[in-house]
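My request is simple: use the sequences and hints to build the entire structure.
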Amino acid sequence: MTARSIAWMAALGAAALAGYSGLAGGLRPAESEAWASRTVYACDQRKAVIVEGVRADEKLPPAKAQRVADLLTDLMRYCNEEITATIALNETITVEANGRVFHDYVPGGPLPIAKASFGEPTAREEQIWKAELDKLVAEGDRLFHSDEIGTNGVACAMCHPHASNTHPESYPKFQTQLKKVALLRDMVNWCILNPLEGLELAENDPKLKALEAYILAQRRGVALDAGKH
Amino acid sequence: MAINLTPKELERELRERSSDAERLIRSLQNCDRRHFLKVTARFAAMVAAAGVIQPQSFQLVNVAHAQPVPGEKPEALFRFAYISDSHLFARGMTHRFAKGLLKAVDDVNALDPQPDFVLYGGDLAQLGRADELELGQQILSGLKAPVRMMVGEHDWFLDMGVKWREMFGPDVYSFDHKGVHFVVLNSVQEKDFWTAKGYTPEQRMNIVAGLDDARQSRFEVGEEQRDWLAKDLAKVDKKTPLVVFSHSPLYKYYEPWNFWTDDAEQVQALLFPFQTVTVIHGHTHQLLTNRIKNISFHGMLSTAWPWPYAPQGLPEYTVQMFRPDPFNQFDGLGDGTADVLPGGVVNKHYSLWNRNPRTVTYADLAGNTLAGPRGHAGPSY
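Residue numbers (my numbering), protein chains in the order written: chain B, 1 to 229; chain Y, 1 to 381.
Do not take every clue at face value.
Below are the SDA-like pairs computed for lysine to any residue, each with C-alpha atoms no more than 25 angstroms apart in a straight line [unchecked claim]:
1) Lys207(B) with Asn206(Y)
2) Lys191(Y) with Lys231(Y)
3) Lys197(Y) with Arg142(B)
4) Lys99(Y) with Pro195(B)
5) Lys209(B) with Asp213(Y)
6) Lys135(B) with Lys179(B)
7) Lys130(B) with Ile113(B)
8) Lys179(B) with Phe327(Y)
9) Lys197(Y) with Lys207(B)
10) Lys173(B) with Asn328(Y)
If you anchor each label on the Cβ, the simulated ranges turn out as follows [to be verified]:
11) Glu125(B) with Thr94(Y): 35 to 45 angstroms
12) Asn204(B) with Gly367(Y): 29 to 39 angstroms
13) Leu199(B) with Thr200(Y): 29 to 39 angstroms
Derived from the structure by calculation, the hints contain no laboratory data. Note that the Cβ used here is the ideal one computed from N, Cα and C, for glycine as well.
Right under this line is the structure:
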């Protein structure tokens, strides 16, 4: 990101703050009804709807209140996001999220925000997530089938085709041969050190993470069973 | 000192401790059985005295596993031994896989009486290289009994068997021995997956060497070889016992790992007309038993590494072995023998290096006494 673009964004942010500062709390003296507003928060305290033309101490008319509730429910699709929406006097909705402003928002319509763990992800989101996961698993797959982490030509997959007989779901467990509780990564490193005659990987080594990712990905759907022998 | 040493560490430890030990270890190579027993006893005593390991733990070097099983009727017509799936890298005699094959050779040489011949079950090399095959030939040349060679996919797909055949002769052949007709097949043919993709011979070999590499085709005997087999068997009386050696199992166990022969049914159809048929195969690196109609199937142990049972398709005749201990290089590995009894039926012995020997008798198999629940629930997959 260039210095210029940062400066530009900062300016935008400042402008946005200036625009909302008087509205959110409803503290500005009500010179006219048009300047009055009331803010309603969703239960997560992260979604806010500013209703223009209603004073902070004024009860919302039922139709308006329903509109606010519908909008908040809609915005709750974006679980972890902080979103502020404004219902203007002319009933148009403006949404501000992630520092971006979207005008004329229609509830239920698309917002370019990742839905994280809530709601139904879009096909595109799922594609991106899968691609990212597959990348890591593929690197683990490559290493698992390669002789490069050892020194004697032996590869993990020789004894463990499709990572079979690694039973990662049984870790942590008391590894009787090591005489201590082991995690999957401890056994991966044991195998690298012994049958592969290689050097142990550091716990934060991307190669170790990739190997774990591959092994675990082969066991999708298998119930965790820590301590099983 | 830790008691749980790997054999490698134990050996190193002993070498460092005493020059006598060094001589003893050397003398373990190429000794006859009586001498071997003597040496083993002395070795065990010395090890115990040195406090390296408890005597009762020393069953690791157990000479008894090559002996006939107690209670077994001794009137076998003859016995042959097998060694299989050594997967050698050309990294000298001290590489762990070379040690495995050396151990098997010592083991078979200790058999008394000696077997009529030793079948080598294929996958002598890991990546089909000449230097790997030459190392294997050198080690196998230490066997006292004559050797019959079979080819595996690891020997074949670098140069499509050119070097192997130059060294060991034809990959498909038959012979008669004491009234039994033996057939050696090359069941690891694969339909061409490499030309269209432009794989180099090395890439082709590496792909086939990956058990779980789905880019390859399935194993097959192939039409040409089936024609040969039909002609070969046409000369044989249907009452003559048949023993067929194939690298892959001549039935369908688990396709994703090529525990599989794609034209198995067609090959079986050629064998069904014979009264007594035994198929002995490599590739699966595990205790494996099956029976289809009149054909008994037995797997061979590897000398390099054991394989887990596949997640599906395990024949119900197989009495499973609990998963091997990775901390013991030789656990789940071994060699074995087969006794050919009058009538040509076969009792198959698994000489496991780190466990009690297992025998699957023809009587068990034909009487179906192996069927039913097993001691150990489910594959170790």
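Quiz item: Any hints this thing doesn't respect? Which numbers, in order?
Solution: 6, 9, 11 and 12
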